[in-house]
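Kindly produce the complete structure, drawing on both the sequences and the hints.
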Amino acid sequence: MMTALVVLAGAIMTVAAVFAVEAKKILDSVIAMSVVSLVSVFLFIAMRAPDVAITEASVGAGLVTAVFLVALFRMKGGDEE
Amino acid sequence: MRRLYAILIAAGFVYMMLSFLGVVPGYGNIDLCSRVSSSFLLKDVSEQNAKNWLMAKGLETKSIEKVYGEKNKEDGCANVVTSIVVNYRSFDTLGEVTVLFTAALGVGLILGGTRRKKYGLLPNFVFRESTRILVPLIILFGAYIFVHGHLTPGGGFPGGTIIAAAALLLYLADEEFFLSKVSTGALEGSMGGLYVIAGLLGLAIGGYFLYNFLPTGRVGNLISSGIVPIVYTFIGLKVGAELSGLITDLHSEEG
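Residue numbers (our numbering), protein chains in the order written: chain A, 1470 to 1550; chain B, 17 to 271.
Take these hints with a grain of salt, some might be off.
Derived BS3-like pairs: lysine-lysine, alpha-carbon spacing no greater than 27 Å straight-line [stated by the list, open to error]:
id: 1; chain 1: B; residue 1: K134; chain 2: B; residue 2: K197
id: 2; chain 1: B; residue 1: K197; chain 2: A; residue 2: K1494
id: 3; chain 1: B; residue 1: K197; chain 2: A; residue 2: K1493
id: 4; chain 1: B; residue 1: K197; chain 2: B; residue 2: K133
Among the chain B residues that face chain A by a calculated CB cut under 8 Å, a handful are [what the hints assert, rightly or not]:
id: 5; residue: G28
id: 6; residue: M33
id: 7; residue: S35
id: 8; residue: F173
id: 9; residue: I178
Read the hints as simulated data drawn from the structure, not as lab findings. Glycine included, every Cβ here is placed at the ideal spot set by N, Cα and C.
Okay, here's the thing in structure tokens:
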């Protein structure tokens, strides 16, 4: 049960990470990176590391994504080309 | 086909979230004192019972069980991670705070400005109004996270980040909102200074830098473990002001 969950979480993280690299729009990449952070929060909880989970949730999934999005807005538009 | 993939991923995600909820013990069901304190005294974070472990080692078992409210021999943090981060390795944390300060300084040097940058977008009415309800709750939650850092998981860094998230929400909801650099800078500087002063007081009283010179109290109480909650409050306010200033820099332009 637990192993299957961890494997599922790892699979979602891998898919999201590959998508973050391969996506055409930077906006999609940022969202995929946020998904990687979010799933790793659940992994940390499952591994009984709640301190790391809280930090990852607030920094990784929250603030870093927001800073990336603001940086994208400052660059005027989300597309690379 | 894309929608099918999206539905599959969403279903897997929801299933995973619901399943991980089963891993976490329910509110109030966790036996914190027997789990944390004995493991803490033994420097052992595995799930086994402390008494059995000691028996297997053939060691003394008398008076090793810790109960809530007992006077403790160590520094009194119920949360082991906090006692490492803010007591045993507090100087490391001072360096970590300095790293964050340097990063915020770099952002301020590159992006800083005196005027609010406007995007010309009017946020949604629901979003604007609900922000006014949410922001005090978010700030309260951040303060709770760092004030209770020595009792429950969390601490200064995540608490400060949550406070900065409240500042970010205000920036997103209101085109006119602009935090004064003087206030965030003053709060950040004074809190960093107080952290160093706490360390120097320890040097004067106990003989080494960041010595825990206050009485450690009883395990599990809010006012316990000496200077640890005080230092974590300093760190939380400093990180919160620092990251709010960083977000201000991101939303400002040269005037």
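Q: Mind listing which of the numbered hints don't hold for this structure, in increasing order?
A: Hints 2, 3 contradicted; others consistent.
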